[in-house]
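Participant: Residue numbers (our numbering), protein chains in the order written: chain U, 1 to 395; chain P, 1001 to 1395.
Check before you lean on any hint, since a few could be wrong.
[As the list claims (entries may be wrong)] Derived contacts from chain U toward chain P, CB cut-off under 7 Å, selection only:
# : residue
1 : Gln160
2 : Ala162
3 : Leu358
In short, the hints are calculated from the structure, not lab data. Cβ atoms here follow ideal geometry from the backbone N, Cα and C, with glycine treated the same way.
2 protein chains.
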Amino acid sequence: MIAPQRFAERLPFVDACAWVDARADRSCAERIYLRESFGRILAESLLFPVDRPDRDQSLIDGYAVLAESTFGASSYTPLLLTLVPRSAPLVAGLASVCHAGETLPSGADAVLSREAGDAVGAVLEVCDAVARGAGVGRRGRVALRGDVALTAGCRLAAPQIALAASLGVAELSVRRRPHVAVVLAGAKPPATEALGAALAALVTRDSGIPRLIHCEGNIPGALANALPADVVLLVGRSGWGEDDDALRSISAAGGRIVHHGVAMTPGGSSGLGWLGAAPLLLLPGDPISALIGYELLAGRLLRRLAGGVASWPYPMRRLTLARKIVSSIGISEFVPVICNGCEIVPMALPLADGLAALARADGFLVVPAGLEGYAPGTSVNVVLTSDSISGQESG
Amino acid sequence: MIAPQRFAERLPFVDACAWVDARADRSCAERIYLRESFGRILAESLLFPVDRPDRDQSLIDGYAVLAESTFGASSYTPLLLTLVPRSAPLVAGLASVCHAGETLPSGADAVLSREAGDAVGAVLEVCDAVARGAGVGRRGRVALRGDVALTAGCRLAAPQIALAASLGVAELSVRRRPHVAVVLAGAKPPATEALGAALAALVTRDSGIPRLIHCEGNIPGALANALPADVVLLVGRSGWGEDDDALRSISAAGGRIVHHGVAMTPGGSSGLGWLGAAPLLLLPGDPISALIGYELLAGRLLRRLAGGVASWPYPMRRLTLARKIVSSIGISEFVPVICNGCEIVPMALPLADGLAALARADGFLVVPAGLEGYAPGTSVNVVLTSDSISGQESG
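This is chain U alone, in the form it adopts within the complex (with noise of 0.2 Å):
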């Protein structure tokens, strides 16, 4: 009457995040505008359209002047020259204020240091000879034309948008944000929908879009409702027992489990598949089954389809156990622990009501499969998910 748990059968972790990442090819761009691409992923590189700067500017703050104008001054013998407005054209013996980063005025090819003149009125006295280029940014400096200025793959931030706006781009390429189903098979309202809420909300956090589909008892035809998407969430119905029916829907709906099981916990009777060309990630129903589940394997999917890096998107700290884990060998283990400093506490995941001690922890662990546990004191790297540890300081 109560149905066995697989656990011989289980798909070790690793090859579960293989399988993954393997599902996470990087075809899709869309073209976006410039001002709405923040935290996008650049899907073409950009490259200056024109040298960099595209005229010889001045790198400090002084007076444009031809070289050959101060040959022979010196302290002793200061040269005079006259001084013109900055956009009048420079020829021998005359001379303009100019800052650093504007443009020299045409014909100077120098610029002398504001310590190195002195003006009183329309004359500049020059104490000090200078060479050509002194002073001077050339062209194409920075860059030149065609040279890369932003690698496809790389997030827009607020630096790299301001230069993309300072190249001229108004659009640009990006990775398309992958449509994701969120299947909930699982509980009723209004659990379902507590849930949906959190899987919404990862599944944004991870760069894509959610759709929630209530199943209402139908989950073949909530799945048939699935497609078209990127990427397909079942969530629940997808244990051993008798009214887990996930993977007969499945199948009623065309679809197939290519694993069923994970060799993980929270989070053991995952499964790994297809939805039409879609790939379809069966979680637990029960919360935090699901949330974990998405955690160790959906949220990865999903960074990756975006063009992201794989890892969570939380800091990651090397910190010391304060108490033993305990862990099964051949299961990858997700412990969430709380932070007192430098030390870390294990939490248990109450079956019955782990929700609660899961909003409380600071930070999550994955202790390997290979791994029997921790012993105290052991040095272990913690994913930190509350902001309000990583402890950063200005000064």
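Starting from the known structure of chain U, fit chain P onto it as the hints suggest.
Facilitator: Showing chain P alone in chain U's frame:
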């Protein structure tokens, strides 16, 4: 003709941070739907409205029984119980299948593990005695009515949303996102568009709601248009030169600058003040100084106002400098860096065009005002802005 830079009068960076922090009183909250609450900061603690669980539950998969029905059972002298559906109330001599997390049938006071029973049709052979309470999770085990479920100030991620939903919460009180008027007074289009897009993205990243205002030559008019706002950023015309009319314009609009000039670089001509009741931050108009001025001062203000932590929303890691950094005593210096494994290389920010450098950086560090820089090989705290660097591995 060239205005002097008034280094001596600049406010130390740490004092500017303290001024910013003093503006970040945390008064305003708003009620929103739980399903839209991802990433927000909870303004009022949520309490458990009932004991959790609110009735006794099974902790294991097995058979609900009255403990007394099993007394005397052993593998040599098994006792026989009658299996009934789990909806039926239990009395002595009966048992029903139950799974972990399920409510205990009425009358039951213990759960026999699967291994201790052998079901044959409607008969359960009991091979071990259990004590009253064995395998049972008592009502209120996780929390009692009135206990704190989520503490005010916590950031709402997936587990917190799922927990709140499981409490029956559909709306909750979160910290309001600050409205930020970004007044662009410096560069002309398209440079000002670029800067606007980049600053709007940073404001959004830091939980603010940006509103871009282009000055078109009339800064006092644009400032008048900036209110109401929780924060005003005035970008450009911040220096000490002839065309730097930001301070005059702020006065003309009825605002004031309390500190002009911060001992930091880039961004040294930044200012701190007020426009009406809103804190006003004056930032330089060149893109590099504006973006870094934002990162050093404005972002901190927005994150604090939104209820978050002051630190940058990026991981920090301790890494080794491959080259020396020379910095001026008395000035806090922002230095972008490139990562090479565990080593970092500081980048120059060319005066005339640092955007291309900043867009390539993997992160940054801030040299405190009290240091002349760092020797090669020094271990320093680096804020990693590039997500390709964090280098987590799953296992």
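Participant: Next step is simple, just say for each hint if it's right about the structure.
Facilitator: Taking the hints in turn, this is what the structure says about them:
| no. | hint | result |
| --- | --- | --- |
| 1 | Gln160 | 5 Å, holds |
| 2 | Ala162 | 4 Å, holds |
| 3 | Leu358 | 4 Å, holds |
In this structure, every one of the numbered hints holds.
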